[in-house]
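J.: This is what each chain is made of:
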Amino acid sequence: MSEPFEPKIIAFFCNWCTYGGADLAGVSRLQYPPNIRAIRIPCSGRLDPKFILSAFRRGADGVWVSGCHPGDCHYIAGNYYARRKFALFKGLLEHMGIEPGRLHFSWVSSAEATKFQQVVTEVTGIVKALGPAPHYIKKLAEVA
Amino acid sequence: MIARTIAKSVFSEWLSLLRKSFRLIGPVRQGDQINFAPLAEGEGPDLSFQNTRLSPKEWVQPASERLFQFSLDPANTEAHILKEVPWDETPRLLLGVRPCDARALNLVRINFETPEYTDPWWKHGRDTMTLIGLGCNQPCSTCFCTSVGSGPFDPVGLDILLTDLGSAFLAQAATEKGAALLQGVPQGTEPSASDQSQAETLKKEAEQALPPQVAVDRLKDQPLLPLFNAPFWDEVQFACINCGTCTYLCPTCWCFDIQDEVSGTEGLRMRNWDSCMYPLFTLHGSGHNPRDQKLQRVRQRFMHKLKYYVDKYGNGVACVGCGRCVQFCPVNIDIRRVCNLMNAFQAN
Amino acid sequence: MLTYTNKIQELAKRLLTEGKVDLVIGYRQGTIPMMNEPVQVKSADQTDQLYWDSFCGVNLANYLPRRTERIAIVAKGCDSRNIVVHLQEGQVKREQLVILGAPCQGMLDRRKVWGRLDGLEPLKALEDGQQLIVEGKGFKQSFDRSEFLQDNCAICTHRNPALYDELLGDLVPEQGGVDRYTDVRAIEKLDPEARWQYFEELLAPCIRCYACRNACPLCYCPTCFVDESRPQWVGKGLDQSDIRTFHFLRAFHCAGRCTDCGACERACPVGIKVRQFTKKLEKDVWDRYQFEAGIVLEGRPPLDAFRPDDQEEFIK
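Protein chains in written order, with the numbering used here: chain Z, 1 to 144; chain P, 1001 to 1348; chain L, 2001 to 2316.
Simulated from the structure, these hints should not be mistaken for lab results. Please read these numbers as outputs of a predicted model, since none were measured by experiment. For each residue, glycine too, the CB sits at the ideal point set by N, CA and C. Be aware that a few hints might be false.
Stated by the list, open to error - Here are the simulated SDA-like cross-link-like pairs (lysine to any residue), alpha carbons at most 20 angstroms apart as the crow flies:
no. : chain 1 : residue 1 : chain 2 : residue 2
1   : Z       : 50        : L       : 2253
2   : P       : 1294      : L       : 2067
3   : L       : 2042      : P       : 1235
4   : Z       : 139       : P       : 1304
5   : L       : 2316      : Z       : 139
6   : P       : 1294      : L       : 2253
7   : L       : 2316      : Z       : 109
8   : L       : 2124      : P       : 1050
9   : L       : 2112      : L       : 2089
10  : P       : 1294      : L       : 2187
11  : L       : 2273      : L       : 2289
12  : L       : 2273      : L       : 2205
13  : Z       : 139       : L       : 2222
14  : P       : 1020      : P       : 1198
15  : L       : 2137      : P       : 1210
16  : Z       : 85        : L       : 2066
17  : Z       : 50        : L       : 2205
18  : L       : 2316      : Z       : 125
19  : L       : 2283      : L       : 2311
20  : Z       : 139       : P       : 1071
21  : Z       : 85        : Z       : 42
22  : L       : 2112      : P       : 1071
23  : L       : 2189      : L       : 2205
24  : Z       : 139       : P       : 1020
25  : P       : 1294      : L       : 2088
Stated by the list, open to error - Covered by chain Z, according to a simulated footprint, are these stretches of chain P (three or more residues, beta-carbon under 8 angstroms):
no. : segment
26  : 1219-1228
27  : 1262-1270
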């Protein structure tokens, strides 16, 4: 019997908010799917779009980026800049053929453990339903 | 050397015969341009072109070529050993190559097969390639092969030279390999005297359509350092945007970059075309870059092609006059103009 | 055809003689039909090589970043917008520049002329008003220039320079009722797999020569992301995934900055329509942030700014 597909989701969490929220969810023993691999960045504004592309190139089935709510950024305005970057990046990525359900963004604060649980469950469900990412994986160069 | 007339009505029969021994690569229409690509079964070459956009050098030296592969998996007993990527030994036939591009492969061979060193990949690519060329009845206005020691019907570098006579091709062998191919070709007939004279006329007319535009006679004797420091380089380099188009389209540019790419526990050592137009090309590990200014890079390309190669090999300039860089440089830097400037330069 | 040649020469001569600028950046007539070469003129006695016609498609703003001289520069509508972007990004100072604004009726694409001639080689192309007269061996044909407008010029809505010190001619009427995004919308209608295939075919001829990047006035990074090795973001070879990553990221680096000058498409030796990436970003920047690059000098580019109420419908 074949194993059900378990997606690999790379998750970029800002250190001050979402990472704290994830931590609180763990300490509170909230159950959630184990498919995410968390990467901690100081602020959602640190997220370079190249990180998202690198994740897909290395075989991620989904990518999730989460940071502080607007107005709550530890560095005052990092997430405001990030918001614009995310919008344009998602637009271009989907324009070129990556399915809309593979890239997700959220604002989760360090107190929102239950929201964290909800979002991770939702994201995992959506990516799982899409199946393995068919495109954009770079293994070894396919050339002459 | 033997010659045969092959009527166009039986040309595809001849191709089918050749297909038994070779993989055929010929000019194929791709959008608004014609490039060399493998000919599918039953597909003939599209010979309605002056020249292909990309030169055929990619069929001898691919733009991205895998050299070695290796494993880093500790469970693999052959881990950490560079293993050669197996070569494709299928003989290939490049059909419809222009004399300038064929000659370019000869010029480049001097670099890849020296008395001390041989580049085995290049050599393999070249040795498994047979060249059937097509002479240029209608050279482009940007061609200048006659100025650099070649011509529209120059057989150097070709195994067979085809001349388009209208309803037939005159196929002339230029090497033993070509002669062997033409020997006993059922579709070929002994060329008539009028075939021969028509070919001669076409050749003369094509050569006359290419009066010398570029002077190269004084390049060898130009003293090197004064030419290097000549004041005209400042004017020549301004427009250049170091885009690399010239180097990538040029049939005699050969520079490459070798790099390892690793994915998980598997790795690949590959070689890609590289260009002296990029600053990264000469960046040292220490951070020093001897050609970090655009003027130095622009000057380097012309000096290499038109002076260093001349001095080093005594084989004329490393340019075959195909005219691709003239046509496609986005800012119209014209090698013909620069060569004339270099040739005419008077060192004080 | 707009005859600015004399005006350019006259202004250049005056500015150089009066010592107002150290050099003039303009065009000189090319050595092959339908091409012109960017030129730097440093002395008043060399100004008669300056030239203008409808094949001056090169974006001269490409030559400005990090120059320190006082420069007079010929700038069409799109070029002048790139100069504004350079000023906003600190690549050159306003005091250095004397912008010779060229109200433009669109540049012509020589590849379209070649296509129309279907194999005949043009040896000469001259303009006469709205006509382009092309001559070669045994033929001479006259065409309406509108057949050959560069793709970006056909939909241009900023023909007049956004910033200038001198004008080379009268302002031209801007095109009205232009839909700049028909091609973007056509792709938006496709499902993800069809979109993926569309871009696979678009990028198949790419040989990673970087002509698009080098022709772009916005690409002035001392070390381009493709040349970074620690970490290496994208491979250097012709693997399809690498090719796509390069074009994607290059376009994204131009988000909110691209003026659709068409230099990238014009430079590509294999004729790839690379504007298909930047057009989508341009549309999104307009829809979301009501911003067009290089129109006003004040303010910051959209990715260097924010509004507290920016749209966030896609964020959970």
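J.: Hints broken by the structure, by number, lowest first?
T.: Hints 4, 5, 6, 9, 10, 11, 13, 14, 16, 17, 22, 23, 24, 25 and 26 contradicted; others consistent.
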